[in-house]
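Visitor: Please work from the sequences and hints to get the whole structure.
Counting along the sequence shown from 1, when you hit position 11 you're at 11 in UniProt numbering, and nothing is skipped either side.
Possibly wrong hints are sitting among the right ones.
Straight-line distance between alpha carbons at most 27 Å, and here's what the computed DSS-like set of lysine-lysine pairs gives [as the list claims (entries may be wrong)]:
(1) K17 - K50
(2) K50 - K70
(3) K50 - K95
(4) K95 - K16
(5) K13 - K70
(6) K70 - K95
(7) K58 - K17
(8) K16 - K50
(9) K58 - K70
(10) K95 - K76
(11) K95 - K17
(12) K76 - K50
(13) K15 - K70
(14) K15 - K50
(15) K76 - K15
(16) K13 - K95
(17) K16 - K70
(18) K15 - K58
(19) K17 - K70
(20) K13 - K50
(21) K76 - K58
(22) K95 - K15
If you're looking for bench data, these hints aren't it; they were derived computationally from the structure. Being a predicted model, the structure only gives us computed values, none of them experimental.
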Amino acid sequence: MVATENSIYVSDKAKKKAQQLMEEAGIANDPSYFLRVGVVGGGCSGLSYKLDFDNEIKPMDQVFEDNGVKIVTDLKSFLYLVNTELDFSDGLNGKGFYFNNPNASRSCGCGESFAV
Numbered sequence: 001m002v003a004t005e006n007s008i009y010v011s012d013k014a015k016k017k018a019q020q021l022m023e024e025a026g027i028a029n030d031p032s033y034f035l036r037v038g039v040v041g042g043g044c045s046g047l048s049y050k051l052d053f054d055n056e057i058k059p060m061d062q063v064f065e066d067n068g069v070k071i072v073t074d075l076k077s078f079l080y081l082v083n084t085e086l087d088f089s090d091g092l093n094g095k096g097f098y099f100n101n102p103n104a105s106r107s108c109g110c111g112e113s114f115a116v
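Guide: Here you go:
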């Protein structure tokens, strides 16, 4: 991934898995749905990632599209997520969706929480 602007990026593996999950949820053909990413307080490093499907854009939301995936985040979360890449790891030691966050000063072993 080469960051060319302030955005949130999606790897090919994450795109494929997100599309699969949208199909399983029956929302793959509904263009109003998107991937909502966010940051919430908690976790062993202080902040945790939140990931879900949504179809409601709020007034202060930031909207991006990368690799054919529409991503929406609230403004406060975006400050922590600038130039982050959403990726997916499967297999025996796979950890599912995870974030490659250049803003994190440290993260926990599971990769689900971080600090800045």
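Visitor: Against this structure, judge whether each hint is valid.
Guide: Results of checking the hints against the structure:
| no. | hint | result |
| --- | --- | --- |
| 1 | K17 - K50 | holds (16 Å) |
| 2 | K50 - K70 | holds (16 Å) |
| 3 | K50 - K95 | holds (15 Å) |
| 4 | K95 - K16 | holds (15 Å) |
| 5 | K13 - K70 | holds (15 Å) |
| 6 | K70 - K95 | holds (22 Å) |
| 7 | K58 - K17 | holds (25 Å) |
| 8 | K16 - K50 | holds (19 Å) |
| 9 | K58 - K70 | holds (15 Å) |
| 10 | K95 - K76 | holds (26 Å) |
| 11 | K95 - K17 | holds (13 Å) |
| 12 | K76 - K50 | holds (13 Å) |
| 13 | K15 - K70 | holds (10 Å) |
| 14 | K15 - K50 | holds (17 Å) |
| 15 | K76 - K15 | holds (24 Å) |
| 16 | K13 - K95 | holds (13 Å) |
| 17 | K16 - K70 | holds (13 Å) |
| 18 | K15 - K58 | holds (23 Å) |
| 19 | K17 - K70 | holds (14 Å) |
| 20 | K13 - K50 | holds (18 Å) |
| 21 | K76 - K58 | holds (13 Å) |
| 22 | K95 - K15 | holds (16 Å) |
Checked against the numbered hints given earlier, the structure satisfies every one of them.
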